[in-house]
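Can you make the complete structure from the sequences, with help from the hints?
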Amino acid sequence: MMSLRISNLTVDHGAIRALDDVSFEIARGQLCAVIGANGAGKTTLLRTLSGLKSATSGSAHWNETNLLHGKAEQLVRHGVSHVSEGKSVIAELSVKENLDLGALWRRNKKESAETKTFIIETFPRLGERLEQRADTLSGGERQMLAIGRALMSKPELLLLDEPSLGLAPLVVAQIFQAIRDLTTSMGLTVLLVEQNAMGALKIADTGVVFNLGKVVANDFAPALIADPAVRAAYLGY
Amino acid sequence: MYELINTTLIGITSGSIYALMAIAIVLVWRSTRIVNFAQAGMALLSTYLGYEFIRIFHSFWIALPLAMVAGALVAALIDLVFMRLLVKHASQGPIAAVAPIIATLGLLGVIRAFISFFWGNQDLAIDSPISNVGYTVGTHTLAISPLKLAILIASLALMGVLTLLFQRTNLGLALRASAFAPEISRLAGVRVDGVRTLGWALAGAAGAAAGMLQTPNGTGTLSPDSIEFSLLLVFGFIAAVIGGLESLLGAVLGGLILGLVLAFVLTYISGSLVFITGFVLLIVVLIALPRGIIGAKGARRA
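Just so you know, the sequences run in chain order A and B. Residue 128 in this note's numbering sits at position 128 of the first sequence; the count goes up by one each step and never skips. Residue 99 in this note's numbering sits at position 99 of the second sequence; the count goes up by one each step and never skips.
By construction, these hints were calculated from the structure, which means they are not laboratory data. Cβ coordinates follow ideal geometry from the N, Cα and C atoms, glycine included. Accuracy of the hints is not assured; some may be wrong.
Pairs of lysine-lysine residues, derived as DSS-like cross-links and limited to a Cα-Cα distance of at most 25 angstroms, are as follows [unchecked claim]:
{"hint": "1", "chain 1": "A", "residue 1": "K202", "chain 2": "A", "residue 2": "K53"}
{"hint": "2", "chain 1": "B", "residue 1": "K88", "chain 2": "A", "residue 2": "K71"}
{"hint": "3", "chain 1": "A", "residue 1": "K53", "chain 2": "B", "residue 2": "K88"}
{"hint": "4", "chain 1": "A", "residue 1": "K96", "chain 2": "A", "residue 2": "K109"}
{"hint": "5", "chain 1": "A", "residue 1": "K71", "chain 2": "A", "residue 2": "K53"}
{"hint": "6", "chain 1": "A", "residue 1": "K154", "chain 2": "A", "residue 2": "K96"}
Pair ranges (Cβ atoms, derived) [stated by the list, open to error]:
{"hint": "7", "chain 1": "A", "residue 1": "R28", "chain 2": "B", "residue 2": "V69", "range": "46 to 54 angstroms"}
{"hint": "8", "chain 1": "A", "residue 1": "T117", "chain 2": "B", "residue 2": "H58", "range": "49 to 57 angstroms"}
{"hint": "9", "chain 1": "A", "residue 1": "Q195", "chain 2": "B", "residue 2": "G194", "range": "35 to 43 angstroms"}
{"hint": "10", "chain 1": "A", "residue 1": "D135", "chain 2": "B", "residue 2": "F275", "range": "39 to 47 angstroms"}
{"hint": "11", "chain 1": "A", "residue 1": "R28", "chain 2": "B", "residue 2": "N170", "range": "25 to 33 angstroms"}
Below, the structure written as structure tokens:
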């Protein structure tokens with residue numbers, strides 16, 4: 001079965017245990033929200049799955065690909081794309097160059113051109129600004145560009161780290177809607193790390209709640225929204 | 001009048017060689033954030049190899065591209081077996097910023113020792129492949145000779161090729177992206193380590209070209225502790241910093257400005273002030289335009 005399977009994953013930052021015996025699964029095509037307070041290990045989880053950080057023990061597989069045995073630049077060739085925290089675009093490059101960067105490794109240039117056309121149709125604002133430097137974009141446009149760059153790598157598994165960070169509420173709603181639509185239309189499997197727990201759970205199929213490096217809840221998103229303990233701790237009411 | 005023209009011509013020719021050296025320094029800086037003091041040694045070694053190629057093929061113009069290839073290979077090898085290991089193991093703590101720079105200084109000594117071991121300490125001559133006697137206009141001799149013209153054309157052609165490579169090709173996009181944001185580049189699938197080695201290789205080739213062109217233009221001789229190559233490093237470095245250390249165009253402009261200023265000081269003031277002038281110019285630029293003449297928006301801080 002196509003899925004993301006994480007079992008007993010433990011990751012250390014020097015003497016600090018960032019992830020402690022984490023296990024959960026996501027079926028293909030599902031959007032999973034990862035929520036929890038600052039320092040709960042959410043970002044570490046994504047950095048480990050994309051090959052930026054090495055694990056201490058445990059396992060993580062995307063289908064047949066062992067995510068703990070590859071470097072980031074190799075895993076992206078196996079369908080794993082990571083949009084790291086804080087609008088991961090390259091400020092000095094143009095919008096077009098940022099997009100092209102994601103597809104440099106792809107051999108089939110006709111296919112990558114089609115992907116680019118699709119991304120520009122999805123985010124028309126990027127199409128209007130192709131020749132502009134990325135640092136002239138607004139926060140929301142930069143986030144669109146970061147997601148667009150990740151999509152250029154033809155991902156199956158998309159790892160998103162706080163796409164709502166620093167954005168106005170209206171823009172956050174747009175970005176979340178785009179993530180939901182892309183998940184469905186492209187058949188992506190998405191791991192969405194968010195501080196904005198309510199916004200993320202509303203568009204998600206499932207959710208995983210982290211606290212101090214451990215999974216404390218893992219359920220369908222509506223069930224988590226209804227859970228009194230989760231509401232009190234993470235949804236603020 | 002002729003003195004003015006000649007001074008300008010001398011400045012442009014020597015400036016274009018400084019520019020090549022500056023390009024080499026900028027290439028390594030941009031792709032690895034290392035100020036490569038070994039660049040002079042690498043250029044010297046490539047020129048010694050070029051000297052051997054001249055003996056084999058009896059042609060400077062065949063030896064020049066071969067020396068550039070050899071320079072590229074030497075530089076790539078240095079990155080693969082030495083710098084990568086060093087950066088990996090000394091990437092933590094206060095030493096991380098200086099360790100690679102100090103290491104390149106050490107490397108400079110190692111390369112010079114290596115050269116004197118293999119070629120000995122005597123001067124080797126590289127003859128000018130074409131006349132270095134200036135063209136004449138009427139009774140005046142201009143400071144531009146067929147050799148100097150060839151140097152100028154070769155330098156400009158190299159700069160043109162490198163600029164096209166960086167701005168118009170996928171490889172150039174990977175090189176620029178890796179320099180600005182290695183982590184994002186890796187996430188986008190760029191093999192950043194390989195791209196960095198390529199940055200070193202390009203720098204090695206540019207340095208080799210600078211060494212090969214400067215030698216017949218200058219004293220015509222090579223020695224392991226050549227003052228000429230030390231000056232090439234110092235002036236190349238000054239040119240790179242004047243240009244903001246980030247941009248190829250800046251390196252070229254920095255080289256030409258430095259070449260012209262030094263030529264005018266040499267002709268109109270005194271030869272003994274040339275060395276000092278380079279540093280004064282560096283300090284003035286650093287104070288007035290701390291991010292170089294091309295700095296500001298195009299570049300970004302280290």
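To see whether the hints hold, each was checked on the structure:
The suggested pairing of K202(A) with K53(A) is violated, with an alpha-carbon distance near 30 angstroms, which exceeds 25 angstroms. A hinted pair counts as satisfied when its Cα atoms are at most 25 angstroms apart, and K88(B) with K71(A) qualifies at roughly 15 angstroms. Proximity of K53(A) to K88(B) is assessed by CA-CA distance (about 15 angstroms); at most 25 angstroms being required, the pair is judged to hold. Annotation: proposed proximity of K96(A) to K109(A) holds, straight-line Cα distance about 15 angstroms (limit 25 angstroms).
For the given pair, K71(A) sits about 9 angstroms from K53(A) by alpha-carbon distance, which is consistent with the 25 angstroms threshold. Of the supplied pair hints, the one linking K154(A) and K96(A) holds, its CA atoms being roughly 17 angstroms apart against a limit of 25 angstroms. Between R28(A) and V69(B) the C-beta distance comes to about 49 angstroms, which sits within the given range of 46 to 54 angstroms. The given range of 49 to 57 angstroms is respected by T117(A) and H58(B), whose C-beta atoms sit roughly 56 angstroms from each other.
A hinted range of 35 to 43 angstroms for the beta carbons of Q195(A) and G194(B) is consistent with their spacing of about 36 angstroms. The hinted range of 39 to 47 angstroms is satisfied by D135(A) and F275(B), whose Cβ atoms lie roughly 40 angstroms apart. Take R28(A) and N170(B): their Cβ atoms lie about 32 angstroms apart, and the range 25 to 33 angstroms holds.
Checked against the numbered hints above, the structure breaks only hint 1 and satisfies the rest.
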